[in-house]
Amino acid sequence: MSILHDIPVLSLILLSPLLGLIVVLLLPKHRSSWLKTAAFIATLIPLALSLWLYSDYDKQQSGAPFDEQLNWVEVPLNKELQNGVSEFMFKFQYALGIDGLSLPLVLLTALVTAMAALAAFHVKKRWKSFFVWFLLLETGMLGVFLARDVFLFFVFFEITLIAMYFLIGIWGYHNRERAANQFLLYNGIGSAIMLLAFVLLVNTAGFRIEQIGEQANFIYSGSYADIARNMADPNAWVNMSPEQLDMFNPFQMTDTMQWVLFIMLLVAFGIKLPVFPFHTWMLKVHTEAPPSVVMIHSGVLLKMGAYGLLRFGVMLFPEQARDWAVVLALLGVVNILYGAVLAFRQQEFKLVLAYSSISHMGIVLLGLAAFNEIGLQGAVFQLVSHGLISALLFLIVGSMYERTGTTELSKLGGLARSMPFMSGVLLTAGLASLGLPGLSGFVGEFLSLLGLFESMRWLTAAAVLGVILTAVYVLRSVLKITFGPQHEKYSPLKDARLIEAIPMIVLLAFILLLGCYPSVLTDTVQYSIGGLFEQLLATRAGG
Amino acid sequence: MEMYSQAAWLIPLFPLAAFLVLTALGRSFRRAGVFIGSIGSLAAFALSLLIVIDRLGANAVDYNYAFDWIRIGDYTLRIGFEVTNLTAMMLVVVTLVSFLVNVYSAGYMKNDERITVFYGYVALFTFSMLGLVLSDNLLSLYIFWELVGVCSFLLVGFWYSKPKARAAAKKAFIVTRIGDAGLLIGILLLFWYMPNHALDFTTIQSVFDGQTGAITTGITTLIALLIFLGAVGKSGQFPLHVWLPDAMEGPTPISALIHAATMVAAGVFLIARTYDIFQDSAAAMETVAYVGGFTAIFAATVALAQNDIKRILAYSTVSQLGYMMMALGLHSLTGGIFHLFTHAFFKALLFLGAGSIIHAVHTQNINEMGGLGSKMRVTAWTFAIGALALSGIPPFSGFWSKDMILTAALETNPLLFVVGLAGAFCTALYMSRLFFLVFMGKPKSAAAGAHESPATMTFPLIVLAVLAIIAGFVETPWNGWFGSWLSGEPEDAHGSGVVIIASIAVGLLGIYLGWLVYGKGSVSRTVIAERLPWLVKLLERSYYVDELYAAVIVKPLKAIGAALSVFDEYVVGGVVRVAGAATSSVGRLSARLQNGQVQTYSLAAVIGFVIIVVAIVGRRFLP
Amino acid sequence: MLPSYLTMAAILFCIGLYGALVKRNAVVVLLSVELMLNAVNLNLVAFSKYGVVPSLTGQIFSLFTITVAAAEAAIGVAILIALFRLRGTVNVDEFDKMRR
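Residue numbers (the numbering used here), protein chains in the order written: chain A, 74 to 616; chain B, 2 to 624; chain C, 275 to 374.
One should not assume that every hint holds.
Unchecked claim - Here are the simulated DSSO-like cross-link-like pairs (lysine-lysine), alpha carbons at most 30 angstroms apart as the crow flies:
id, chain 1, residue 1, chain 2, residue 2
1, A, Lys553, B, Lys559
2, A, Lys553, B, Lys163
3, A, Lys567, B, Lys165
4, A, Lys197, A, Lys484
5, B, Lys559, A, Lys484
6, A, Lys553, A, Lys484
7, A, Lys553, B, Lys165
8, B, Lys111, A, Lys567
9, A, Lys102, A, Lys198
10, A, Lys484, A, Lys562
11, B, Lys376, A, Lys553
12, B, Lys111, A, Lys553
These aren't lab readings, by the way, just hints derived from the structure by calculation.
Treat the numbers as computed from the prediction; the structure is a model and nothing was measured.
Put together the whole structure using the sequences plus the hints.
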């Protein structure tokens with residue numbers, strides 16, 4: 074037992090950005106360098122803590138050994154209606170926890186945010202409010218991955234939405250307000266569906282009766298652990314039909330309802346992911362938001378969709394997910410090919426990257442659809458890897474835009490001459506994105522395909538076609554920018570400053586580490602997810 | 002004694018260390034860069050040589066070491082290295098050519114401001130290629146397979162400000178990637194079909210060799226063909242050969258190292274490593290043989306009509322790789338590998354010679370050269386040796402290996418024997434054309450100020466020339482040492498006098514014809530161009546394969562892209578916009594109801610209240 | 275007794291409601307609101323005396339209501355005066371700023 078078990082480390086990770094937020098609030102608003110430094114330091118705390126936690130995480134345990142719980146909201150219901158009931162209430166907890174699935178994502182969040190804070194040098198106005206929203210956004214993202222209560226999860230999910238809305242709307246480019254509105258509306262719809270699904274979950278699977286002597290506690294719980302346990306338990310109220318119970322059972326979740334819930338969750342998180350027909354909002358965000366915010370958006374926020382889909386969609390409804398594996402895989406393949414073909418068409422580098430994100434998130438869907446351990450590992454690996462790679466790519470985009478004033482492919486060219494370092498990093502990031510072995514992109518892609526191949530040969534083969542197309546569009550755009558004759562006006566441009574180079578090198582180092590030594594991630598994911606997943610399947614199959 | 006084999010993992014680490022140091026140096030320390038790169042490859046060469054000497058004795062035991070790379074539940078993906086006689090031979094070829102190219106580049110690239118970067122890339126390539134050779138399973142082979150591809154891409158595009166170099170680099174990467182995708186699917190297929198999901202070559206050998214019937218013939222054929230697709234991409238076989246001639250945009254030492262001696266031979270090496278899978282499937286073997294044979298004659302004819310010295314050699318490489326594939330497809334493993342071995346030396350020699358010429362005359366068009374023989378004696382002599390070896394004239398090395406392939410063809414497939422002979426004739430013809438146009442005759446415009454290259458460039462030429470002469474004697478009709486060392490049993494496909502006579506005859510005939518046309522000038526050069534202009538045009542444009550791809554693949558892809566972006570903009574985006582517009586127009590309509598009069602609002606409220614009351618109370622009076 | 279009180283209160287309430295909804299003059303509207311409040315008071319007192327469970331709560335409530343009504347009248351008239359100064363009219367038809 075290390076010292077980490079004695080301190081509320083998860084809360085510290087979650088709340089330390091808020092501490093920074095308070096410091097930022099107290100600083101005078103025209104001191105941009107103070108504000109930037111304070112915000113950066115505030116992002117280092119969760120980074121350091123989560124790195125420590127990651128290295129210390131006991132991989133052999135399948136539970137969540139760092140759980141923290143506090144009762145948060147209790148809505149009492151009229152207990153006089155029932156005899157012998159001592160408590161009858163909605164109960165939402167401030168419950169935090171980690172497992173092999175969320176821990177890498179927490180680390181990813183902390184890392185990408187810290188790097189984005191460094192990259193926020195380009196913010197030219199209203200530094201104070203920028204960093205207030207920025208740090209709030211970080212808390213929201215960390216909260217999403219740490220929360221173990223559906224209600225808490227929802228609250229943090231919404232916090233990210235609001236913070237993003239302002240970050241896009243105030244500090245974005247030309248059409249920022251339109252982009253922000255579309256972002257908020259689209260994701261708001263997703264959140265509404267998600268909330269409805271959660272309410273239904275709490276009212277069925279969340280219900281439990283605690284018998285204490287003569288007295289009984291009737292509790293509607295939002296706790297993820299409770300919901301998951303009830304869903305998996307064939308003797309829980311939620312899985313008992315009225316015939317089995319010989320009485321009216323308002324808590325039963327029928328098959329139809331399970332399907333409805335699964336599809337609702339699929340749509341809600343599919344919007345965030347984004348899955349093919351729901352992707353338009355993301356393009357605007359990618360083009361209009363400031364680079365450091367896009368780093369976070371594409372690096373972390375998209376992952377929340379996949380995480381939610383995995384945590385709630387697949388893990389709570391494994392049967393439905395298994396039955397719909399083909400649909401998921403099909404959506405994945407469509408995402409991959411659609412994104413790749415459209416990325417090939419774009420003249421704006423940020424749009425190329427946006428479509429490439431769609432394409433890469435398709436691989437995550439493939440991994441989920443594989444429905445075996447390899448595919449699941451691949452999906453998680455791809456999440457982390459794409460988070461790092463796209464953060465790196467947008468970091469470079471930001472630095473290049475600052476110098477050249479454009480991201481139009483037709484106006485760029487030959488930047489390798491004046492900026493060899495940045496071009497080299499861009500090329501490497503591009504290669505990572507197209508899945509070059511030795512860099513992290515390959516492992517996620519390979520594992521996902523390998524997993525899917527067991528059950529769906531032809532779809533995998535179609536997805537491999539996407540691998541070729543990825544090479545086509547990545548090379549087309551990256552080579553257009555870096556290679557070729559240099560435009561006259563770009564020759565006096567300077568290469569990366571130290572403050573830009575540091576986050577690039579750090580992100581690149583992580584990409585290389587994951588590419589060369591993937592066990593550092595897969596082992597962590599394996600021991601908690603692999604076991605949990607198998608167990609979940611077994612219980613459901615048994616019931 | 003297996004001592005050196007155990008240390009084989011060190012070999013790739015020398016160039017890797019060189020790469021890391023060179024990358025850290027950046028563009029500074031130009032002289033040190035040359036030194037570090039050369040030392041790295043020299044150290045690797047020394048160790049490889051020790052390993053081979055170690056293994057020369059009979060019955061050397063294969064050495065294998067692997068560790069878990071990824072563990073997922075019951076599945077493990079492993080990475081490891083293995084030293085067999087085949088890999089030991091490849092190690093020596095790769096490190097030797099790499100070292101020579103390092104030395105050569107010190108002269109050739111002397112005035113390039115990014116010479117350190119160049120050496121870094123070469124070191125990275127050497128590392129990846131050695132990793133590929135040493136890999137003990139298909140997954141790690143695939144990893145290094147991709148890495149050599151990316152190094153090739155980086156080096157082809159080394160002079161990145163040239164748009165042609167950029168296009169060539171992109172093409173090289175993407176076309177080989179098509180083959181790689183096939184290989185990837187092949188690996189996936191193999192993973193799920195192999196017992197215990199093992200991907201290492203030893204297990205593959207025992208599974209497919211033992212006739213266990215664990216895998217059906219159909220699947221075996223499929224796997225073999227998919228692996229072959231990877232080899233087709235990398236080794237420039239038809240129809241994925243298009244990248245290799247374009248890759249000549251890279252610096253010439255790179256063409257010698259990557260696009261002649263080592264990386265392009267990786268496809269042949271891959272098939273040799275997984276030969277048991279192929280031998281299990283007659284259909285796959287036939288495909289390999291026919292694709293190889295077709296590529297051999299196809300590329301040789303194209304080489305006849307090219308005017309760029311490097312493109313001629315590139316098509317010649319494609320053609321020779323076709324011979325190797327053909328040999329493998331004709332069940333002659335030794336023939337294929339033997340040709341790989343000899344070809345590595347004489348083709349690297351030819352490319353480096355070409356580099357020496359280009360260095361002197363600053364053009365690649367052979368029609369602008371001429372009479373260089375007297376000015377560049379070392380280059381001319383060594384080039385002549387390389388050309389004779391390539392044309393298959395005894396006693397040069399190319400003769401012995403080509404002879405072995407043709408013998409194998411005559412025994413099993415006469416059609417391919419004829420194709421092979423025709424290819425050999427073309428080879429001799431285009432090489433003599435090249436040689437006579439460049440070195441003989443009167444000096445043309447570009448050749449005026451030409452002079453011999455510095456010693457750093459001629460030294461590798463001499464070393465390779467010596468090897469091009471002697472390398473063939475390891476396996477001759479009366480000496481089957483190489484074959485027995487390689488595969489454990491001597492290959493009996495030897496000694497047919499018909500083959501020897503026929504192959505010498507077509508070789509000499511080709512050279513004689515070339516001399517008549519381009520040396521002596523007794524036959525007009527334009528005689529064919531006048532009679533059959535379309536044929537020359539067809540060959541010059543290499544059968545319009547590029548144009549075909551542009552029409553069949555690139556254009557439709559662009560059209561799909563255009564259609565999809567319209568779809569994305571107007572259908573997917575349109576639905577979103579319509580939904581948004583509908584919502585706001587409903588809002589605008591209902592806003593009309595607001596007249597701002599509080600009294601109206603309260604009246605509405607009262608009416609609503611009354612309705613509710615009536616509804617609730619009135620229910621009582623209903624039956 | 276109770277029905278007559280209730281009828282009386284209902285009639286008062288209806289008159290008040292009618293005035294509040296229909297009258298143009300804002301002063302009259304305010305008066306009508308007072309009328310409605312008083313109708314409610316009447317009900318409260320009546321129930322506290324003749325209801326099923328007679329108790330003082332109703333009367334205390336009506337005292338509250340009277341106090342609140344007084345405050346409300348004061349604020350209402352104050353707003354009305356301010357409005358009159360601003361717009362020069364007490365005609366409620368012209369107070370339609372809420373539309374925009």
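Exercise for review: Measure nothing beyond the straight line between the CA atoms of Lys553(A) and Lys484(A); if it is 30 angstroms or shorter, mark the hint as holding.
Suggested key: holds, 9 angstroms
Exercise for review: Assess, step by step, whether the Cα of Lys197(A) is no farther than 30 angstroms from the Cα of Lys484(A), and give holds or violated.
Suggested key: Roughly 24 angstroms between the alpha carbons, so the hint for Lys197(A) and Lys484(A) holds.
Practice item. Could you grab the alpha-carbon distance between Lys553(A) and Lys165(B) and see if it respects the 30 angstroms cut-off? Key: Given that 30 angstroms is the threshold and the Cα spacing comes to 12 angstroms, the pair holds.
Practice item. Sort out whether Lys163(B) lies within 30 angstroms of Lys553(A), counting only the CA atoms. Key: Given that 30 angstroms is the threshold and the Cα spacing comes to 12 angstroms, the pair holds.
Exercise for review: Would you mind confirming whether the straight-line C-alpha gap from Lys111(B) to Lys553(A) stays at or under 30 angstroms?
Suggested key: Roughly 28 angstroms between the alpha carbons, so the hint for Lys111(B) and Lys553(A) holds.
Check your understanding: Is Lys484(A) close enough to Lys562(A), meaning Cα to Cα at most 30 angstroms?
Key -> Status holds; Cα separation ~11 angstroms.
Practice item. Assess, step by step, whether the Cα of Lys553(A) is no farther than 30 angstroms from the Cα of Lys559(B), and give holds or violated. Key: holds, 17 angstroms
Point to revise | Pair hint outcome, Lys102(A) versus Lys198(A) [Cα-Cα no greater than 30 angstroms] | key: Holds. Lys102(A) to Lys198(A) sits at ~10 angstroms (cutoff 30 angstroms).
Exercise for review: Assess, step by step, whether the Cα of Lys376(B) is no farther than 30 angstroms from the Cα of Lys553(A), and give holds or violated.
Suggested key: Violated, at about 42 angstroms.
Check your understanding: Between Lys567(A) and Lys165(B), is the straight-line Cα distance small enough, at 30 angstroms or below?
Key -> Holds, at roughly 26 angstroms.
Review point. Straight-line Cα separation of Lys559(B) and Lys484(A) no greater than 30 angstroms?
Key: holds, 21 angstroms
Practice item. Take a quick look at whether Lys111(B) and Lys567(A) sit within 30 angstroms of each other, Cα to Cα. Key: holds, 27 angstroms
Hint violations for this structure: number 11 only, all remaining hints satisfied.
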